[in-house]
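If you read the protein sequences in the order shown, they are chains A and B.
Okay, so the first sequence: first residue is 136 according to this note's numbering, each after it adds one.
Okay, so the second sequence: first residue is 18 according to this note's numbering, each after it adds one.
These aren't lab readings, by the way, just hints derived from the structure by calculation.
Just so it is clear, CB atoms sit at the ideal spot from N, CA and C, and this is done for glycine as well.
Please note that a few of the clues may not be correct.
Computed Cβ-Cβ distance ranges for the label pairs, DEER-style [to be verified]:
id, chain 1, residue 1, chain 2, residue 2, range
1, B, N46, A, I170, 28 to 36 angstroms
2, A, S193, B, M52, 20 to 28 angstroms
3, B, N46, A, S285, 23 to 31 angstroms
4, B, S72, A, A218, 47 to 55 angstroms
Over 10 angstroms on every C-beta distance to chain B, these chain A residues come out as not near it, computed from the model [stated by the list, open to error]:
id, residue
5, L143
6, S164
7, G173
8, I204
9, F280
10, Q283
11, G286
12, G295
13, L299
14, V318
15, G348
16, K350
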Amino acid sequence: MDAEILGLIAGSLVSLGAYSVLIGDNPISRITENIYMGILGGYIFAVNWDFIRKNALSKVAEGEFVYIIAILLSLMLLGRLKAKYMWISRYPVVLTVGVGLGLAMRTTVMADFLGQIQATVLPLNSFNNIVMVIGTCLTAAYFIFTTQESGVYKYIHTGGRVFLLCAFGVTYGQTVSFRMELVIGRLVAMLDPRVSMITYAFLVIIVVILIYGYKTNKIEWYTGR
Amino acid sequence: MSIMDRLLNLDPRIIFVLMFIALAFPILNPVILPMAIQDYSQKAFDFSDSIPEGSIVLFEGGLNAATYPQGGPGMVVQIYHMLTKGVKIVLFSIGTEQNVWTMTAIETALDKLPAGTPAENGVNWVHLGYIAGGEAGVGSLVNDIRATVSADYFGTPIDDIPLLEGINDATAFSAVLWWGGSEASIGYGVRQVSVPFDIPMTGMCTTNEVPNFSPYISAGQLQGLFGGVRGSAEYEFLLSLPGPALGQAMATNFGGLLWMLLVILGNVLYFIQRMRGEA
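Build out the structure end to end from the sequences listed, making use of the hints.
Below, the structure written as structure tokens:
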């Protein structure tokens, strides 16, 4: 059988199993979850091992001994596995956090701070620019908590809250859309004409198993909201 | 219990079934609704189209199994667009799973290329594979490629790849194309490549992350942004290369309409109940 078709069939079964959690927590969704976690864990381990082998171990073998430090630091992370030796793992963690922060901070001021302020200082010559400037000022003012919410500041506070609610609305809408896109991605693969009949068969099998489980009380029916 | 109470306390599983039907229907019966091109997508397309022939671009492929169906079609079109323009591509991924999906996108784009388009591995494109370390890994890669990776995705030593001859940092790249998916990694590209090396950059992210990265466009740090499946569909439309994203975008419309109806219905019923003094 073609590897692509086999992948679609496996994906179809795993997706239906995972989506069965929407009916309520059940053994099929748990099996699917555990299979997924196991495969993903194994895969991540394999790819990272390959990266270490190609980019650290092979370099040490070629005589670039500086990479021994990186390998040692990686091994020190395994100290977390036993409480007694956990302190050893803190050194590579500290180093990783420090390097990461240093690298990020190097350009954060320009990219995430000054650049954004510059982008807000706009000429008030269009509706969009006016909304951008007023919205930014009011939203920033909303977070001034040392002023009493009275007089003019009450209106500033309300205006800031309106802009914030608009922003939350946009974020909520985009999140809903993203979740639907995730489902659509799976549906497109599951309803592929080459495997759609198998998907329907899997669906029937899962439904039969769940009905049998719920009827015989072997699976607990989900009641909470 | 009145009908209104029943509707307001609707079992979520009924909503799931309705949503499933609304999303599956347009996939089984393709319907094309009118679609307007978003400003961000148009800007990203215009920028991509303006990259001169012979340039080399840095390309991060950050799509995984969950996000490939929405971003993959657009990523395929972007690779196709670059190769047909004669632009060379250096690809990499900062995720283990993403690494494989980037290769899938390359293979799909290569299959679609018109006959005779130069698309030789190592000459016109190279996939450096998985780069560990997240943002620190990106910082390391763009400052010293050879110290960060010794071989590409296929195991070919970096020094044996003609495209990377004489290239060891980001100064050789004319643009950065960051297909970050749901990695939330566009900021890595802005902070580690675009700002320090002054290289123009465009991005792609999933729909939910568009509000997070759109300020980068206003600030001029991103030239444009493709958002989710709609961004992919717009790229397909703008390059006149129809693909799977257009159909998926229509399914999103149907799901969105159902969601809106449910939100409106819920609010109307709640206000009626409140006016009656029942809520």
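So, going through the hints one by one against the coordinates:
1. N46(B) x I170(A): 28 to 36 angstroms: The hinted range 28 to 36 angstroms holds for N46(B) and I170(A), with Cβ atoms some 33 angstroms apart.
2. S193(A) x M52(B): 20 to 28 angstroms: Distance hint for S193(A), M52(B) is violated at roughly 50 angstroms.
3. N46(B) x S285(A): 23 to 31 angstroms: The hinted range 23 to 31 angstroms is violated for N46(B) and S285(A), with Cβ atoms some 58 angstroms apart.
4. S72(B) x A218(A): 47 to 55 angstroms: Holds, since S72(B) and A218(A) (Cβ atoms, about 54 angstroms apart) stay within the stated range.
5. L143: 12 angstroms, holds
6. S164: Check passes; 13 angstroms lies beyond 10 angstroms.
7. G173: It holds; G173(A) is separated from chain B by about 15 angstroms at its closest Cβ, greater than 10 angstroms.
8. I204: 13 angstroms, holds
9. F280: 24 angstroms, holds
10. Q283: Given a closest Cβ separation of 31 angstroms, the condition holds.
11. G286: The assertion about G286(A) holds, with a minimum of 31 angstroms to chain B.
12. G295: 17 angstroms, holds
13. L299: 12 angstroms, holds
14. V318: 6 angstroms, violated
15. G348: Holds, since 16 angstroms exceeds 10 angstroms.
16. K350: 17 angstroms, holds
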